[in-house]
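Those sequence lines, one after another, are chains A and B. Residue 299 in my numbering is what sits at position 299 of the first sequence, and the numbering runs on without skipping anything. Residue 82 in my numbering is what sits at position 82 of the second sequence, and the numbering runs on without skipping anything.
None of these hints come from the bench; they were simulated from the model. Positions of the beta carbon are idealized from the N, C-alpha and C atoms, including for glycine. One should not assume that every hint holds.
Stated by the list, open to error - Within a straight-line C-alpha distance of at most 30 Å, the following computed DSSO-like cross-link-like pairs (lysine-lysine) qualify:
id	chain 1	residue 1	chain 2	residue 2
1	A	Lys165	A	Lys183
2	A	Lys183	B	Lys214
3	A	Lys268	A	Lys250
4	A	Lys250	A	Lys129
5	A	Lys165	A	Lys129
6	A	Lys268	A	Lys283
7	A	Lys183	A	Lys250
8	B	Lys214	A	Lys283
9	A	Lys129	B	Lys214
10	A	Lys283	B	Lys220
11	B	Lys214	B	Lys193
12	B	Lys220	A	Lys129
13	A	Lys250	B	Lys193
14	B	Lys193	A	Lys283
15	B	Lys220	A	Lys268
16	A	Lys268	A	Lys183
17	A	Lys183	A	Lys86
Unchecked claim - According to the in silico footprint, chain A covers these stretches of chain B (three or more CB under 8 Å from chain A):
id	segment
18	198 to 209
19	212 to 221
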Amino acid sequence: MNGLLWAALAAVFVFAVALAVFWNRLHWAWRSLLALGSVVSVVAAVGVQLNALTEAFPTATDAVPVSNNAGASQLFAVSVHGPASKLTLPMYVYLPAGYHDGTTRYPVIEAFHGVPGTPQYWAHKLNVKSTLDTEIASGRMAPTVVLFPQQTTNPTLDTECTNLKNGPQAETFLTADIPAYAKAHYRVRADRAGWGLAGYSAGAFCAINLTLRHPTQFAAGASLSGYASAGITIGDGSEHTTNNPFWRLKHLPQPASALWLGWAADDKQCSHDSRLLAAAAHKPLAVTTAVVAHGGHSSAVWRQMEAPAFDWLSAHLAGPQP
Amino acid sequence: MSLTGRPLLALAATLTVVVGVATVVFWPRGGRLRPVTRTAGILLLEVLVVLTAGLEYNRREQFYPSWQALRGDTGTVAVTGEVRAGLLDGHALTGTLEWRPPGWGAWHLARAPRITVPADYANRPDVAFPVVLAFGGTPRRTTEAVTVTVEPTAATTATALLTLPAQLGRDLRVTAIDWDVRGSAPLAAAFVKAAPAGLAVLDQPDGALPPALKAPKTLKGLPT
Numbered sequence: 001m002n003g004l005l006w007a008a009l010a011a012v013f014v015f016a017v018a019l020a021v022f023w024n025r026l027h028w029a030w031r032s033l034l035a036l037g038s039v040v041s042v043v044a045a046v047g048v049q050l051n052a053l054t055e056a057f058p059t060a061t062d063a064v065p066v067s068n069n070a071g072a073s074q075l076f077a078v079s080v081h082g083p084a085s086k087l088t089l090p091m092y093v094y095l096p097a098g099y100h101d102g103t104t105r106y107p108v109i110e111a112f113h114g115v116p117g118t119p120q121y122w123a124h125k126l127n128v129k130s131t132l133d134t135e136i137a138s139g140r141m142a143p144t145v146v147l148f149p150q151q152t153t154n155p156t157l158d159t160e161c162t163n164l165k166n167g168p169q170a171e172t173f174l175t176a177d178i179p180a181y182a183k184a185h186y187r188v189r190a191d192r193a194g195w196g197l198a199g200y201s202a203g204a205f206c207a208i209n210l211t212l213r214h215p216t217q218f219a220a221g222a223s224l225s226g227y228a229s230a231g232i233t234i235g236d237g238s239e240h241t242t243n244n245p246f247w248r249l250k251h252l253p254q255p256a257s258a259l260w261l262g263w264a265a266d267d268k269q270c271s272h273d274s275r276l277l278a279a280a281a282h283k284p285l286a287v288t289t290a291v292v293a294h295g296g297h298s299s300a301v302w303r304q305m306e307a308p309a310f311d312w313l314s315a316h317l318a319g320p321q322p
Numbered sequence: 001m002s003l004t005g006r007p008l009l010a011l012a013a014t015l016t017v018v019v020g021v022a023t024v025v026f027w028p029r030g031g032r033l034r035p036v037t038r039t040a041g042i043l044l045l046e047v048l049v050v051l052t053a054g055l056e057y058n059r060r061e062q063f064y065p066s067w068q069a070l071r072g073d074t075g076t077v078a079v080t081g082e083v084r085a086g087l088l089d090g091h092a093l094t095g096t097l098e099w100r101p102p103g104w105g106a107w108h109l110a111r112a113p114r115i116t117v118p119a120d121y122a123n124r125p126d127v128a129f130p131v132v133l134a135f136g137g138t139p140r141r142t143t144e145a146v147t148v149t150v151e152p153t154a155a156t157t158a159t160a161l162l163t164l165p166a167q168l169g170r171d172l173r174v175t176a177i178d179w180d181v182r183g184s185a186p187l188a189a190a191f192v193k194a195a196p197a198g199l200a201v202l203d204q205p206d207g208a209l210p211p212a213l214k215a216p217k218t219l220k221g222l223p224t
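Excised from the complex, chain B in its bound form (with noise of 0.2 Å):
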């Protein structure tokens, strides 16, 4: 019988009128027990009230729709995510790192993406990191971030470099998230409008880059 249907709801309300009925008829007789028999009436139209009315209530509101929402059963699980490894973990990642990944042609720069990751990006194998994107200047190596620095010409689009995200999230262990898209060039601008919600920030204040964090624990429903 379904917690929140109106069988229980009746059973219960018929319940309630006939204990109630039965405590006043039998309430001037019972004999020597009369004491027990009054109590034990006057208790049992107590519990089935609350009872009933509780019913309506969570029938009302929904708090908990099935017997299973009220024993605490979600038949979910909070699952621990893993960061997938980069194709590139494996080589030695010190100094600037000249970055060719497949169909880079298409984003006509004038040169390969240059590479930097944090001093311990090896050492910390189940952590993505932030990414800052360049575009020009001097590759520089930070301690939190995986920076990628390209060089776009005038051949180059905000459409084709939205490949990027990708590409680089095959190769390394970055994050999907608030990328600091760095460079005054109106393709910097175009890349952030162009990108996906919520990946890239133009321009963010020095610090202001998401944590080096492992795999978030996710939702993930039980096999019924």
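Just chain A, with the same shape it has in the complex (with noise of 0.2 Å):
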């Protein structure tokens, strides 16, 4: 539990007390106060506890250990501004170990968080990088470099990874600015062969419209409990139609890209947009499912597909390039 939740629950027994303790000497207007004082500390404890569970907004101890050991992996923070989109958000960087050691192009995924949710969630509920460390270490994954953007200029503000009309360009600076960033600064492979997306909860619908919407971009995509539509009103009915996946799946040519689709069998939402998709799909497109018997829409979900969707990424993207 951090420090702040504590702060909280202080102040929520101590409004307690004071409220028991002093009513009888107290004018009408201090009794108020002190109510008021109460309903605020319990309201601030909730959203403290809320925001330690998804992350929405990360406080500067919550920052992502930086590994110095040279010949081991990395997980970092950088800013990325993006001149087609115009936006400037965080994003953390996975390199995998022997990155600096060598000449060699790897293969990339972007890898999408919740909402709410920022890319935090990875590193600290879901310990991609200890995954990720795992997988390649044992030969299941071939050492990748993982982006982790952030998708939102505004923890609040949903943009489900699309072009919001007078908002955000999420979506341009998720397939436009980051891969033009990530081939200026890091050696990876500049090709559609070598480019893939995952995802959980949200970022999973990203993951799987945007695998859809650039398939010269991106070969495959992981969804790990996503949906089948955004959920969110885009401003030019889109998300009824091309940033719609099932209607795209039906109303579309299907690309030659490959899908995997997670989600957790008690996830009613989830569990029935995967089926549909699933069921949509057809040749060219390769859709792989998996399902977790129960969990809901949770992290304990997420951990345990972690690793398995990386591994299914890996085997269907192309591999480092010597």
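Hey, can you piece these two chains together into the complex? The hints should help.
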């Protein structure tokens, strides 16, 4: 538990005691003030705890530790300025062990967070660095550069990785600016075969939608508890058509790409949507499905799916280029 | 009692009301213990309000559909698979191998398919290798792929050749995705078109093959 939560709980307790002890001696205005303080402190404690669960507003103490061991893998934060989208947003970068030793160009996976959420969720709740380290060291996954971009300018604004009308151009940022930045700053593959997408929850929708929308840029996508529709208003009605994966599968030619759809059997919406997408897919689109027995829409489910999803993605992307 | 059912929500809501009323009723009473009873009433009420709201929110959004889910129990493990050994693994696979699997006659090729494997094929017994399927040309040994060179005749059909991937998978450790199919003959394109989704790509650029990997982790439900 973090210090902020303890502070909020202490405030809850202090206000309760103050109300109990001083009630009879106080003017009604002071009583109201104490009661208000009680309510505010409870709301604050709940808010702090919900934020700790979703990592929607990370605090400075949540920063991801940087490994200084030269040969080891690294996870660190950068700030990406996107000339195409005119957005400047933070991004976490995973460089595999041995990155600094050679001249290899690595395959790339862009991994999207849920809503509310931030790239920090991958690092803290899903232990992504140790999962990637393990899968790569074991040879089940090829050494890969993994990017964890932030998908919105404001944690309360859900972009679903689309270009919102009169809002942030998240899709342009994620599919034009981030690839350009990665190719300029890291030794990564430049071809479609070497680029894949992944995501959990709303980020899984992003991975599915962008894999279908940009088949010339991304060869494969992995969805951890994803949806068949955006569930937001984009402003141009495209949430019903071109930004709706189910509509795309039904009405547009399907790309020669690969999708991994994972869900928990007791996660009703994601289970329904993922099955819907899997049933609508046909050649040349290849779909692989995976089911977690139970666990709902939670980090436990995504931790379980993480290694299988990344292993699958790596097998469907081109390998490191010597 | 189900975590997302009405009974639990009703119980929490009822308790909230009861504690709320009791706190008000006992507010002026309690004698010397009054600060303690009042504090306890307030804190209990606050906990119950948060609990009831939380239950309702979870009931609507279904983040944790069961107590099991709330505990983080997924009833599933990620198991490490194994790459199945090929029937030819024990043989000396240096140089070019003339491959005559059962039923290859149905392919109506000009000669038996020729296979080369990477030099370290035998030294990596737990890895599945990517495949290059060449229609015509000279067999070429590569460092990263199993190559199969076929010389079709006029009688060779793409449909007949669809049995080749399974035969190869039985005899050698190879992947069943993103095979690089090379050759300008219409048969090469027809094979890619007829193959299952994801199996084959026509004329990939050099170096775009998937990596040689160990078997992926997959999800497996635990017995309940």
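Each hint tested on the structure:
no.: 1; hint: A:Lys165 / A:Lys183; verdict: holds, 28 Å
no.: 2; hint: A:Lys183 / B:Lys214; verdict: holds, 28 Å
no.: 3; hint: A:Lys268 / A:Lys250; verdict: holds, 22 Å
no.: 4; hint: A:Lys250 / A:Lys129; verdict: violated, 37 Å
no.: 5; hint: A:Lys165 / A:Lys129; verdict: violated, 35 Å
no.: 6; hint: A:Lys268 / A:Lys283; verdict: holds, 27 Å
no.: 7; hint: A:Lys183 / A:Lys250; verdict: violated, 34 Å
no.: 8; hint: B:Lys214 / A:Lys283; verdict: holds, 27 Å
no.: 9; hint: A:Lys129 / B:Lys214; verdict: holds, 20 Å
no.: 10; hint: A:Lys283 / B:Lys220; verdict: holds, 27 Å
no.: 11; hint: B:Lys214 / B:Lys193; verdict: holds, 28 Å
no.: 12; hint: B:Lys220 / A:Lys129; verdict: holds, 23 Å
no.: 13; hint: A:Lys250 / B:Lys193; verdict: holds, 20 Å
no.: 14; hint: B:Lys193 / A:Lys283; verdict: holds, 9 Å
no.: 15; hint: B:Lys220 / A:Lys268; verdict: holds, 20 Å
no.: 16; hint: A:Lys268 / A:Lys183; verdict: violated, 39 Å
no.: 17; hint: A:Lys183 / A:Lys86; verdict: holds, 18 Å
no.: 18; hint: 198 to 209; verdict: holds (count 7)
no.: 19; hint: 212 to 221; verdict: holds (count 9)
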